[in-house]
Structure formats: C-alpha cells, structure tokens
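Novice: Quick mapping for you: the protein sequence lines, in order, are chains A and B. Using the working numbering, the first residue of the first sequence is number 1100, and each one after it goes up by one. Using the working numbering, the first residue of the second sequence is number 1100, and each one after it goes up by one.
Hints are not guaranteed to be accurate.
[Claimed, not checked] Taking lysine to aspartate or glutamate and the EDC-like style, the derived pairs with C-alpha atoms no more than 20 Å apart in a straight line are:
#	chain 1	residue 1	chain 2	residue 2
1	B	K1305	B	E1294
2	A	K1421	A	E1344
3	B	K1255	A	D1328
4	A	K1255	B	D1213
5	B	K1510	B	E1591
6	A	K1305	A	E1333
Because the hints were derived from the structure by calculation, they are not lab data. None of these values were measured; they are calculated from a predicted model.
There are 2 protein chains.
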Amino acid sequence: MNASPRQTGAEWLLRSAAASGIEVCFANPGTTELPFVGAMDAVPQVRPVLCAFEGVCSGAADGYYRMRGTPAMTLTHLGPGFANAIANLHNARRAGSSVYNVIGEHMSWHVEADPPLASDIESLARPVSAGVYRADSPASLVMSARQSLANAMAPKGGIHTLILPMDLQATTMDEPVFAARVADAPAVLEAGLVEQVAAHVAAGRKTLLLLGGDALHEPALMEALRFRDLANVEVVGETFPARSEHGGGLPAIRRFNPAAEQAHAYLLGFELVALVGARRPVAFFGVEGYPSYLGDPARMVELCQEGRGGAATLAELADVLKLARRGLEPVERVTDQDLGESLTPESAARVVAAWLPDQAIISAEGKTLAFPFNAIAARTSRHASIVLTGGAIGQGIPAAFGAAIAAPERKVVGLQSDGSALYTVQALWSMARENVDATILIASNRRYNILIDEMRRNGYELSSPPVRDLLQLSRPELDWLGMAAGFGVQAERATTVSELRRSFRRAMAERGPRLIEVMLP
Amino acid sequence: MNASPRQTGAEWLLRSAAASGIEVCFANPGTTELPFVGAMDAVPQVRPVLCAFEGVCSGAADGYYRMRGTPAMTLTHLGPGFANAIANLHNARRAGSSVYNVIGEHMSWHVEADPPLASDIESLARPVSAGVYRADSPASLVMSARQSLANAMAPKGGIHTLILPMDLQATTMDEPVFAARVADAPAVLEAGLVEQVAAHVAAGRKTLLLLGGDALHEPALMEALRFRDLANVEVVGETFPARSEHGGGLPAIRRFNPAAEQAHAYLLGFELVALVGARRPVAFFGVEGYPSYLGDPARMVELCQEGRGGAATLAELADVLKLARRGLEPVERVTDQDLGESLTPESAARVVAAWLPDQAIISAEGKTLAFPFNAIAARTSRHASIVLTGGAIGQGIPAAFGAAIAAPERKVVGLQSDGSALYTVQALWSMARENVDATILIASNRRYNILIDEMRRNGYELSSPPVRDLLQLSRPELDWLGMAAGFGVQAERATTVSELRRSFRRAMAERGPRLIEVMLP
C-alpha cells in the first residue's frame, strides 16, 4: 500500500483496487490498455488472467464472484471489446454479482475526433452497469476511481464500469493509494412482519416460502429444514439462483417453474407467498392470457429485508413458530448401478451424481444434463451449483473457469449443452492456460433442443426445411474432441455409460482441465 | 408480393424486406424469435443462414454488403444476443456498410416487468445504428418497418435496427406488403470546386489525392491512372477501405499510414489535400504532441461530394486538366520461384499472390499476412480486398463468409491472424454448413504481434512475466487443425513453402471451405 511518488495512474488504480480487496483481473487488453498492462508488472497483488475473448472475461468474473463473494476486475479494449463482454455481464447483473470493469479508452483529448475505434461506450455500458464512470483528468480519475471502487466493493454493490483513457493510465499520480471503505448496509426491519407471517402459518393458511439469494446457501437451508413437518407450508427455490447448495444431507428444494401457464395457477393456490431473498415472480417469457407478474400481489410479502440474510430471516420465523432445529440427515446416495449402457441425459446425470466428489462446484448451462441432474442433486455429495441467471447463453464454461480460479481447492464440473457452449468456447483455452481443476461435460445432441421444444409448444411445423434447419447444429456436426484439441484441453468422447463412467471417474481422480463429449441420441 | 390476408407480422415484414431487395438473413434466433423463424418457411425469398454466434451474423452481413452493395438482414435474440453482434456492427459502421437488424424482443406488454432476458436494447443498439426503431403495436410496426427499411435501403443508408416484440411477429396483419421506395440522393455540386483544385494542380502545387470509398473501385482507379505522370500529384488510398480493388493491371495505390508521428508531417508536405471519398485523416490512436486531426485543415478540400461517385469526380478533374485516358497495363506477376523453403509472412504472401485466381476476394485481418501481401497486391490477378475498418477484431472470417454468400462465383481467401481469428471462430461452422468457396489462411505465430510492437514502441519491458504473458497466445498453443475439425472444415497445416504451395494450389483448384494453418516462426 505504499504510494510510490512516481507511480502511473494505472499503477495507482491497481494498487488501490488491491488494497480494496480485488485479487484477480480477467483481461483482454488492446493497444489502448498498454499502460495498464505495463502496470500489472508493478502490482503483483492483482493476478492477471488472460482470456482470448471478452465474454470469457465477464463470464469468469461472474463465476468468480458467485463462489468467492468479492468482485474481480475485467480489462477490455474500448467500446467494441467491452461489447463482447455484455452478454455475460447481463447474466452477472441478473445474478446480483459484483464486477469491476475497467475499459481502456483513447487518449482523453483524442475521443472527439471520432477515430475508427471510438464509440459511445457509456451507452453500451449502462444497460449492464449499476454505475458508469469516466476519467478525463487526473482529478476525475481520483474521484471516479474512489466512487466506483467503493460502490463495487459494497455489499450487493453490483457491476461498476470505469472508462479509463490511455493518457490517464500513463499519467503520473501523486495521490496516495487508497482502500475503498465499505460500510455495512444497516438491516431494515419492519416491525412485526415476521410475526404476521408466523400468525398466518400458525393459523394453518397455505403458505409458500420462496427462497432466493443466500437463502439457498447452507445456513439458510438448515433453517428451512425446520419447516418440513408443517403440512401447510411449501418451500421452493427461485428458478435461476446465482448459487445454490445441494447434497450431503441438505434438504432437496424444488425450483420454481416460471412458465406462466403453470406458475400463475400454482401461486394462486397459496393464501400467502413469502419472498425470502427471491424477487417477485415474473414470467420468463410473456404468454398471452397470463399476467407478467405471476400470482396475486396482494398475497405476497417480502420477508427478507434489506441488509438481512436469508438464514436470519428463516431462523426468526421458525423461532416464533417454535419449530425444532434439525441436523443434516443421512441420504441414500444415487448410484450408477443397473443403468445399462445406453447414454441418455438421465443415465449421464446418474453417472455424474454417483461419482461427484465432495465440495464440487457444478456450472450448469442448458437443460439437457442440468434438468436430470437437478432431479437427483440432493442425493449426491455436497456441492454448490451456479446456473444461467439472465438467459444469455455462453455462460457455462466461462463461469466454470472463473469459479475454478475463485476456489482452486474445489473440483469444478460443467454440465454444458453443445449449442450454448459454442458462444464462448474460447474459455477452454483459458482453462488450459491456467491449468484449472475443471471438467466440462458437453451434452452433444447437435440441436437447439430448447427451441425445438418451444416451437412444438407453439404449434409450429418442424418438418419444413428452413425451420428445421435453423434449429439443428448438425450439418456439419460439431466435433468436441477437435475443438478441445484446438484450445489445448485434454478430451475424451463417451458413447456408452461405461465409457462415461471411466472418463468421469478418471477426471475426478486427477487434477486439471478436461472435456468429455457425451454423445446423446 | 401478394399480401395474404392472414399473414403474420413477421411474414409481412419478411415479404416487404424481400420486395425491397433483401435476399439473405444471417440469423441466430432464440425463443422470442420463433414466430419469425416460422415466417421464414412462408417467405422463401429471404434465405435464412444460421450462424452459431451473433458476431458471425453481423460480420457476415458486413462482408456481404461490401461485395454486393445491398444490405442483408440479421436476426438476433433480445439485448444480450444483439450485444454479441455489436463489435462487428462497429466495423460495418466504419465501413459505411448498410445492415438491416431485426432484434426479437419479449411480448410488448411483458417488457416492463423486467423478466430475466430484458435489457435496454435501444441503449445497446444506438452506438452502432444510424436509426433504432421499436414496434409496440401493429400500427407502429407498419410505421417503423416502412421507415427502417426505406432508410436501410437508401444509398449509404447505414445500419438500421428494428426491435420487434414476439407478439407483433405473430400478430395478424392486413396491411399490404410494400417495397421500400428509395430516392437517389441528388448530387450536391459546389460550383467551381473541381476547377479550383485543377488550377492548383496546373500551377504545379504539390497535391495529394486521398482516395476512399468507391474511389478505390476499378472505374475510379482507371481515372486515377490519368494523374500518373504529374510530378506534383500523389495518389494515396485511405488506410482501411471498405472494399478496394487490386491487381491485373490496376494501378498500385499506396495506403495512407495513420500513425500520427508519420502522417502529420506527411500531410503538411502538401500544399493541397483533396479528399476523394475519404474522410478527413484522423490519427488511429492519439499520440502526445500530435493533433487528432492530422495535417492542416486549411489545405484540405472535400472534392467528392454528396451523391457523386469517386470515378465521376476524378474524371471531371482529369478532364479539366486535359489528362489522357489510359488502359490497364500489363503487370509482371509475382511468382513464388526461388523462395526457398522457409515459411515467413513474406514467403507465404508470395505463394498466395502467385496462385491467386482471377476475381478472388481477399478478406484480411491482422497485419502478419496482410502487410506483405498488400505490398505485392498490384502484381497478382484482379481481386477485391475487404479489411478491418473499425479495429474491432474478429471480423475476418465472418466477413469472408458473408462475402462468399454475396458472390458465390468468386473464390474467397482469408488472410487471417491467429489472435483475432479466435474472437469469432464459430464462423468456420457456418462456412462448412453453407459449403462456401472460401479458404482461410491462419497466420499461426501464437502471439498478439500488434501489441508486442506497440509495447516496444512505447518503451515497455517485454521480459517481465506478467506483461509477456498477456501478449502470448502460447501456453497452450492453439491447434488450428483441431479447431477446424471441431467446426467441420477441412484443414491442412503448412510448415514449409512447398507445403503451403501444395495446399494453397489445391484449395484454389477445388471448391468448398478450407483452412490452412500457416506455421510461422
């Protein structure tokens, strides 16, 4: 934290970021970030991690935050470079992840001449940022760096984006290095709210506890267990949690189905819906004849209030109701016995559940493997799960990579559909480069299954050539062994249950990056 | 052009787009575009081309426009999907390409509930669009479709982006199909301007003709030839033209070097700088001590005026000066004799120039192969060249693909650096899928050479581990044979001049998609 009197603006910012708690920078620099790259030499406290595409940087920063709880920095190159990071920043925003983006920009005095790489970076950054800042003088660098870092490091601070012109990266800074001071958000308690909900429950009214955010982490789940014997209380988890914990005796929490046709009627079946860290339910896609906001707003209450964790909220409710504490219960673990040899999503998920090591991290994208795995996730070893929160595909492999950087002592397993894997396939290269302990299973079914299902649901004819063609990933078939070799990741192909078992067990027993192509019908 | 009384909004839009001259849609649809996908079945006049990443859609639309001169449609999925298209739309904007983007959106009534995939699409689209339009009722669909199509189809109309909610894609339209009526822009002639410039030239003042836009196409180049014997006139082309034509007897036009240190002094060496379709020169990156706008504005004149082509302008100037017309002159074609076996950027460029078929299209990205090829481009067969206009890397392979769709009778050759190829490597899959006649040469040097050069130029120490690491693509090395196999493209690796000659000649003799990894030191 020594402020060198001759440090550059980039060195000052990096030292201040390090002092504030930032440890990693997922970087894809270009010419306008060269002083920043040079500064990384002088500030080893922030580890630079090179990604060969910006969507890998942002997806990795999201996965990193979800597992570690502190933001990573990203470094991208002007508007077009940052634009490539937007899709996964969208997912990060929906996950409530905090990320600290630094975008290199032309010399501050050069922007107005509109050189070829110039564009309206603010307009691009705003839709995915809680705050956008621009330095255009040493004084504004000091102010914008202090504001943006303090906001990014605050609890639930969200995504903050600093536009940093090249001349200010290189300028000489006399300003001392700072550590962002973050005040804990005070808990806002509405008097009597928990008691009111408890009175409804005690009166036998049909009640839904909809858990989200940290109410899906272990401490809250142990409190949720206390409600298990109440016949009038149902406990469900939000559909796409930023991180949820499963297995090893934790209660199996069903996920809320956000399809309007089912969800609206389901919610109307309760007299009270208590939101514990979950957002008010909204239909994932709009469906004619159903409202956007599902259920009856008059019967919903936000039980988990600002600055208060899900565990404390559930504990208070259970205490008022005088429900006993419970311990983890032994579970009968899923095995992969008697599966036969036919590789299906269900049999593949069984193999994974049977051999998943303790404390693994699952990064799931796409429904093919994730849905059957979710169905048995409670009956495997303890693991954390991170899923696609914002619907922007191309999140799974970058998030797996970022999670592996965040938690190098844990095994990461990607349950990945092939269509979405293509969007940020460059993440394989960073996996190999950083030698992370992550195994990606690619569910190779060579089609956009989710679209095919939706087309069928909407009554479209799937046999017509143009439509069929737009939903197929065959012609040509993707070869994931080739792809993995292209990016330097060791890979195997499994066409039977035995082959998958052999490959997966070996991958779990050894360390390092791997890919397994799971050939599905 | 029959308006079916029961057509959907998407069918009506597609039919109107087809009637207005749109022939191809580079598509990456998701759930909110399903009615649009369904409509493609009913409207075979617009050919759907599936891309496995949105940056491929936009890069292909750019390459398509540059060769065909009419816009393609793109179809992307909400804000995050469109975001992936932005980097290559930035390049398209800088190329002056016209593109017609359709972005699927949630049901119009569902947007305000802010479902997971919702975002501020307008904010994302504006930086790369000349116009952004949103339909939120059948009436506004009619108005926004008419406006956006008319603007996109206008000469130099640029990029126009229509946000189209799912319910309006599916709505029943009674509106008749329309064809956008495009008025030719009237030529704006400032009286006497050409005569004034001619008087300067006739008086022996040192004059630079800086050609850009269509002044780098054959008709204008033949007019430019007429100035060749004037000792006081220099003819130079803009640095990154959207499309330039070369070889087969066309004059060799040197490209303007936009590095401020050289360019500013160079421009000051002229008494008059006449811009013929070129933009006023701006430094590519700002350099301390040099202005953003290079040269002396008082000595510059925009000779090529609104609505007037470069050929007409140069012809008028040459006519006033009574310069004789000239024909193509025979050129001594580059050979690859006496090259030895050592594969370098220069020897590889010589092999390409020696065996390039007539009327090929070169798509060049990255300096490694493009710079030595440019130096000898005049001494090979007639070809068109499309290059990176906006500095957003990941343009070369998608643009090659789009050019091949636009001009299926011409051979496309990509001169591609490895670092930038990674950004949109998914374009290989579309190349294979559409079986386009394109051969991509990957200059495999396993580092970001452009950054290494810039770091050196700025006096950074390249031996320190973090800095060196951020500029290397080794660890692991990319394997382009694996990558090509992954995406279904036939590939070969060349490690000697003989191997490259053999592979390249075979690729030129046969049709279809290929990749050649050119192993460079």
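Novice: Against this structure, judge whether each hint is valid.
Specialist: Each hint, compared with the structure:
no., hint, in the structure
1, B:K1305 with B:E1294, "holds (16 Å)"
2, A:K1421 with A:E1344, "violated (25 Å)"
3, B:K1255 with A:D1328, "violated (70 Å)"
4, A:K1255 with B:D1213, "holds (19 Å)"
5, B:K1510 with B:E1591, "holds (18 Å)"
6, A:K1305 with A:E1333, "holds (8 Å)"
The structure shown violates the earlier hints numbered 2, 3.
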